[in-house]
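> As a plain string of letters, each chain reads:
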Amino acid sequence: MFNRAFWHFLTLQLFKERQRHIATLLLSTLLVFLLSSILFISASLRHTLTQTLKAQPDFVISRTQGGSPTATPLAWADELAEIYGISKITPRVYGRYFFKEKRESFLIMGVDFLEEQTHQGLEQLLNESDLKDLLSGKKMLIGEGVKRFLSANFYDNEYKFLTPKGKFVTVTIAQTLPAKSNLLSNDMIIMPLALAQEILGYDQEEVSDITFNVPNPDEWQNISDKIASLHYDLRITNKREVAKSYEHLYNFKGGLFLVLFIILLATFLLILYQRYSMVYSSEKRQIGLLRAMGWSITEVLQLKFAETLLITLLAFLLGVVMGYLYVFILDAPLLSAIFLGAENLERHLTFTPVVELSTLSTIFLIYALPSITAVIIPVWRVAITDAKEAML
Amino acid sequence: MIRIQHLNKSYTQGESQSTILKDINLTIAKGETIILKGVSGSGKTTLLSLIAGLEKPTSGSLLIDQEPIHKLPDLFASKLRADKIGMIFQHFNLMEHLSVAENVMIPLIPRRWHLKKINQQVTQALQKANISHKANTLASRLSGGEKQRTAIARALVSAPEIILCDEPTANLDKENSLRLIAMLKTLHQEGKTIVIATHDPLFEQLSFPHRIIPIENGEIVDV
Numbered sequence: 156m157f158n159r160a161f162w163h164f165l166t167l168q169l170f171k172e173r174q175r176h177i178a179t180l181l182l183s184t185l186l187v188f189l190l191s192s193i194l195f196i197s198a199s200l201r202h203t204l205t206q207t208l209k210a211q212p213d214f215v216i217s218r219t220q221g222g223s224p225t226a227t228p229l230a231w232a233d234e235l236a237e238i239y240g241i242s243k244i245t246p247r248v249y250g251r252y253f254f255k256e257k258r259e260s261f262l263i264m265g266v267d268f269l270e271e272q273t274h275q276g277l278e279q280l281l282n283e284s285d286l287k288d289l290l291s292g293k294k295m296l297i298g299e300g301v302k303r304f305l306s307a308n309f310y311d312n313e314y315k316f317l318t319p320k321g322k323f324v325t326v327t328i329a330q331t332l333p334a335k336s337n338l339l340s341n342d343m344i345i346m347p348l349a350l351a352q353e354i355l356g357y358d359q360e361e362v363s364d365i366t367f368n369v370p371n372p373d374e375w376q377n378i379s380d381k382i383a384s385l386h387y388d389l390r391i392t393n394k395r396e397v398a399k400s401y402e403h404l405y406n407f408k409g410g411l412f413l414v415l416f417i418i419l420l421a422t423f424l425l426i427l428y429q430r431y432s433m434v435y436s437s438e439k440r441q442i443g444l445l446r447a448m449g450w451s452i453t454e455v456l457q458l459k460f461a462e463t464l465l466i467t468l469l470a471f472l473l474g475v476v477m478g479y480l481y482v483f484i485l486d487a488p489l490l491s492a493i494f495l496g497a498e499n500l501e502r503h504l505t506f507t508p509v510v511e512l513s514t515l516s517t518i519f520l521i522y523a524l525p526s527i528t529a530v531i532i533p534v535w536r537v538a539i540t541d542a543k544e545a546m547l
Numbered sequence: 015m016i017r018i019q020h021l022n023k024s025y026t027q028g029e030s031q032s033t034i035l036k037d038i039n040l041t042i043a044k045g046e047t048i049i050l051k052g053v054s055g056s057g058k059t060t061l062l063s064l065i066a067g068l069e070k071p072t073s074g075s076l077l078i079d080q081e082p083i084h085k086l087p088d089l090f091a092s093k094l095r096a097d098k099i100g101m102i103f104q105h106f107n108l109m110e111h112l113s114v115a116e117n118v119m120i121p122l123i124p125r126r127w128h129l130k131k132i133n134q135q136v137t138q139a140l141q142k143a144n145i146s147h148k149a150n151t152l153a154s155r156l157s158g159g160e161k162q163r164t165a166i167a168r169a170l171v172s173a174p175e176i177i178l179c180d181e182p183t184a185n186l187d188k189e190n191s192l193r194l195i196a197m198l199k200t201l202h203q204e205g206k207t208i209v210i211a212t213h214d215p216l217f218e219q220l221s222f223p224h225r226i227i228p229i230e231n232g233e234i235v236d237v
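Line by line, the protein sequences give chains H and Z.
Residue numbers for the first sequence follow the working numbering, beginning at 156 and rising by one.
Residue numbers for the second sequence follow the working numbering, beginning at 15 and rising by one.
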C-alpha cells in the first residue's frame, strides 16, 4: 500500500485539506512547545545542580544555637583534622549583606587561598585565571545580578561595605562571574576570607561553617556519627542531603511544575476529544466513501495513520525546536521566572543546553501516542461500520 | 452474474424492527441492464447497497460471480468491490476538496500501480465520461451534470463489470439526464452489467435492451 500513488494521494489529502490540518498542527505545536520548554528547563536545572553539587565538599559542619545558625569556632577544624579518613578541611565564611535602602541582599562568600578545593572550582569557572592574583588586596568577584544592581546604583568599579562595627570598607570589582553559573551565583559576591570576616562581623577565630571530604563513602556514616558527638551544638550535613533538598526544590514534582503540567495535560485532553469528535463529524463520510470505492479497512487505517503521523511528527519537531530555541537561546522569558520564583535580585539565568533522549521520549509518549490513538480508534470504528451508514 | 436468493434486510431501532427488503430473489445475467423501479422508500437503494457490499443482509444470499460478497472477509469483499463494481450515487459523493482527476483516481490507489499507469487510466475514464476538460477543476466548483460525469468516470476507472447507479438522474436536468442515459447505452454496448435504481420515467423508454423490476414495500412485484 505504501507506494508512490499512496504517498501522492496522502500529500493531496494533507495539502488540499490544509485549513483543517493547520489548526490541528498549530495547536499541537503550541502544546509540544510548552511541554518541551518545561521539560528542557527542568532537565537543564537538574543538570546544572548536579554539576554544581559535584564540586561541593562531602560534608559541612556548623554551629547552631537555639535552632539558629551562629558563628562556628575555627578550632573545630583542628578537631576534625585529628579524625582519620577526613581530608580537605576548609573553613568558609559567608552571609547576606543587606542594602537597607533597597531592601535587597547579596550573598558574600569568603575564599581561603591556602585551601585548594574551593577556589579550584572557581578558577575553572573563570577560565583558569589565578584567583589569588585576581582577588589580591580588597577585590571581589560578583554575580550578574549583583553587577546589574550595583551598576544601576552607580557603583561600576567598587562598592563601600559598611561593617557591623560601623566602618566603611571599599572593595573593588575584579570580575563578573559567568552567566552559566547564574543559577547559584546570580546574587553572590566572592572575596578573600579575611575581608568577608570583616564585612560580615566575624572574629578572626570564627567562620560560618567548615567543609571537609571523606573519600571512602563506606565511612560516611561512621565519621558523621563521630563528628556529631563532638559538640552538642554541632550540625552536620552531607552532600547527599543537599542534593535531595535541591531535587525537591527543582524537581518536576514541584508544585508549580505540576500545576503547569496538569493544565497542559487537561488542554491536551480537550484537544484530543475535539480531534476524536472531528473524525465522527467531518471524516466519517470520507471514510465511508473510500470503503465504497473498494478500500479495505486496513487501507483506510493506513491512510489515516500516515496522515496523523505526519502531522504529529511535524508538530513534534516544530514544538521541540521552538522549545529548544525558547529555553536555550532566549533563556525562557516568563517561564523561567515562574520556575525560579521571586528573588531579591532580578535573575538572568542562562540555561545549559541539555537534551536528553529520555526528555524527548517523554514528550513523544505524552503527546504523539495519544494524538495518534485519538484519531485511529474512531477511524477504525467508522471503517468497520457499513460504508452506507458511514456515508450518511 | 449476480444471483440474489431469499434476501431480507431489516433495521432494528431500540425494540422496533423495520423490514426494508422481503424475500428478494433475482438473477441478473452478465451484460444485462436492470431497472429497479419504485417510489422513494421502496427499498431499491438498499438492494443496490447490498449488491455493492456496502451493507450486509439480515438473511439470504447474494452471489457475484459465485462469490458471496456478504460473507467474504473485509479484505476480499473490498477487493471484489474494487475490481468488479463501479458505483454511481444519487448525491455523487465526491470529495469536494479534490479535483475531478484526483476524485477519479481514488479507487485505483490501493492497487499498488505505478502513478503513471493510474494517470493513464484516469485520463481514459475522464474521456469516456466526457469530463476531461474539467480534470483539474475542484469538485466543489462543478455543476450538477459535471459532478455526475465525474462520478461516472470514477465508477468506470477500474473497468468494472458491474455498474450500479442509485437515482442517477435525481439531481440532473433533462438534458444532462439524456446524456447520462446515452452514456449508459454505450456501457451496455460494451457488455457491462448495469443495475439502476430509479423512479425517473425517462428510464421507461430506454433505446437499448433492459429489464424493469418493480419494487414495492421491499418486495419485487410480479408484472
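Just so you know, the hints here were simulated from the structure itself, not pulled from any lab data.
Model, not experiment: these values are computed from the prediction.
Warning: the hint list may mix true and false statements.
[To be verified] Sample of chain H residues at the chain Z side, in silico, Cβ under 8 Å:
{"#": "1", "residue": "E172"}
{"#": "2", "residue": "K302"}
{"#": "3", "residue": "S306"}
{"#": "4", "residue": "I452"}
{"#": "5", "residue": "M546"}
C-beta: ideal position from N, C-alpha, C; glycine also.
> Now tell me, hint by hint, if it's right for this structure.
Hints versus structure:
{"no.": "1", "hint": "E172", "in the structure": "holds (5 Å)"}
{"no.": "2", "hint": "K302", "in the structure": "violated (59 Å)"}
{"no.": "3", "hint": "S306", "in the structure": "violated (60 Å)"}
{"no.": "4", "hint": "I452", "in the structure": "holds (5 Å)"}
{"no.": "5", "hint": "M546", "in the structure": "holds (6 Å)"}
Taken one by one, the earlier hints fail for this structure at numbers 2 and 3, listed in ascending order.
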